[in-house]
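Engineer: Okay, here's what each chain looks like letter by letter:
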Amino acid sequence: MIYLQLIWSYIKIGLFGFGGGYAMLSLIEREIVSPGWITEKMFTDIVAISQMTPGPIGINSATYIGYVAPMQAGFDAPLWGLLGSLICTVVVVLPSFLLVAFTSHLIHRHRDSLLIRGIFTGLRPVVIGLIASAALLLMNGENFGTETNHIIISVIIAVCSLAMVLFTKIHPIFVIIASGIAGFFIYYF
Amino acid sequence: MEDSKKSVKTSAERITANSGAGRGILRKLFISFLRIGAFTFGGGWAMITLIEREVVESRRWISREEFLDLLAVAQSLPGILAVNISVAVGDRLRGMRGAVAAASGTILPSFTIILLIAVFLTPDLIQNNRVVASIFAGIRPAVTALIVAPVLTSARSAKIGWKTVWIPVVVAALIWSDIPYVSNPILFVVLGAFGGWLWLHRKEKHLRNKQLEKEDKEADV
Chain A
1 MIYLQLIWSY IKIGLFGFGG GYAMLSLIER EIVSPGWITE KMFTDIVAIS
51 QMTPGPIGIN SATYIGYVAP MQAGFDAPLW GLLGSLICTV VVVLPSFLLV
101 AFTSHLIHRH RDSLLIRGIF TGLRPVVIGL IASAALLLMN GENFGTETNH
151 IIISVIIAVC SLAMVLFTKI HPIFVIIASG IAGFFIYYF
Chain B
1 MEDSKKSVKT SAERITANSG AGRGILRKLF ISFLRIGAFT FGGGWAMITL
51 IEREVVESRR WISREEFLDL LAVAQSLPGI LAVNISVAVG DRLRGMRGAV
101 AAASGTILPS FTIILLIAVF LTPDLIQNNR VVASIFAGIR PAVTALIVAP
151 VLTSARSAKI GWKTVWIPVV VAALIWSDIP YVSNPILFVV LGAFGGWLWL
201 HRKEKHLRNK QLEKEDKEAD V
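Chain order of the listed sequences is A and B. The numbering of the first sequence is the numbering used here, which starts it at 1 and goes up by one. The numbering of the second sequence is the numbering used here, which starts it at 1 and goes up by one.
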């Protein structure tokens, strides 16, 4: 049953997703893309759409994947998608909701303890590795193309985008819009 | 310990004073977070800034120190940061019901917008409509770049040096490697947490031993 699988995956994502949206991506990739519920391309598209719409990427991706995954599995009616969206969105916030509501006092009291400090000292470099792995996972033939020309164009777009984000104050939304316009002019004609 | 108790008490007093009848605050919480959820692109830290401005400066629901305390807790728990902080703020103000009001306010705008997009911008359309397909072909490599950027900036802010750089490199390589079990991100979250605790434990013990040695020497003299 696809819904039970989605619930189980999103519980794991909500429970082990430390370090923000980008760090969650590799977990989502593993739980959602690897089983084949959505394709690599779709996954990248979801990240792009999440960037261009308001709200946290974790919510956005859960809502979109929850809608699309049941359809890919053969539950074709939009109502099945709506149900999937609702389930995924609720489940992805549920673990942290309960943790924040019930353990925040405990954590607040012990935040100077060796255990809590140690955990975060250890998680910090791991989170950077998680984000890096998401970037590596996205650098594939589905996103960059398989023909030489396509790959060269993709690499140029990626390098320009990276430079824009790192060295200017241009908002990521405009980087995505600019690359979309570039894509239109390069590939449409 | 006593200090924190006192601050909780005073904040509770201030809340009841501020909220008047106190019933309307659930609605106000919901609307405040709904606005924030609807107008922040990208989530995360952009959202935190807006939330702080709203609950500390314009609404005066909690003090800045309290907000920073809540933020520290929200950050240390898994899940979506913006949701965590809204749950923490709502919980502080009105308990469980406040937490639900604030969290649903944060979630609702992105849920609605994405749902609309999912209905109209189907994977089929992205694949087969030539205009949309070419636009997304340009966007995909840019998305990769957008994820590389925070790797570099957060490595700087986390003070990753030559001694620790192996950790993110090994983690990223193993997750990417696709080896069964070993490539599971959950494994590295657990290992990192446990390893960090072990490392700090040994470091503190080492420091303590040194301190004791020093004291012993001084006593001998």
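To be clear, the hints were calculated from the coordinates, so they are not data collected in a lab. We treat Cβ as the ideally placed atom computed from N, Cα and C, and that holds for glycine. Do not take every clue at face value.
[Unchecked claim] Derived coverage of chain B by chain A (criterion: at least 3 residues anywhere in the stretch with Cβ under 8 Å from a Cβ of chain A; other residues may be distant):
id : region
1  : 54-64
2  : 80-88
3  : 150-159
Engineer: Run every hint past the structure and note whether it holds.
Structural biologist: Structure-based check of each hint:
Taking a C-beta to C-beta cut-off of 8 Å, the region 54-64 of chain B contributes 0 residues in contact with chain A, too few for the three needed, and the coverage statement is violated. As drawn, the region 80-88 of chain B meets chain A at 7 residues by the rule of a beta-carbon pair under 8 Å; at three or more, the given contact holds. Residue count for the region 150-159 of chain B with a Cβ under 8 Å from a Cβ of chain A: 7. That meets the three needed, and the coverage hint holds.
Of the numbered hints stated above, the single one contradicted by the structure is hint 1.
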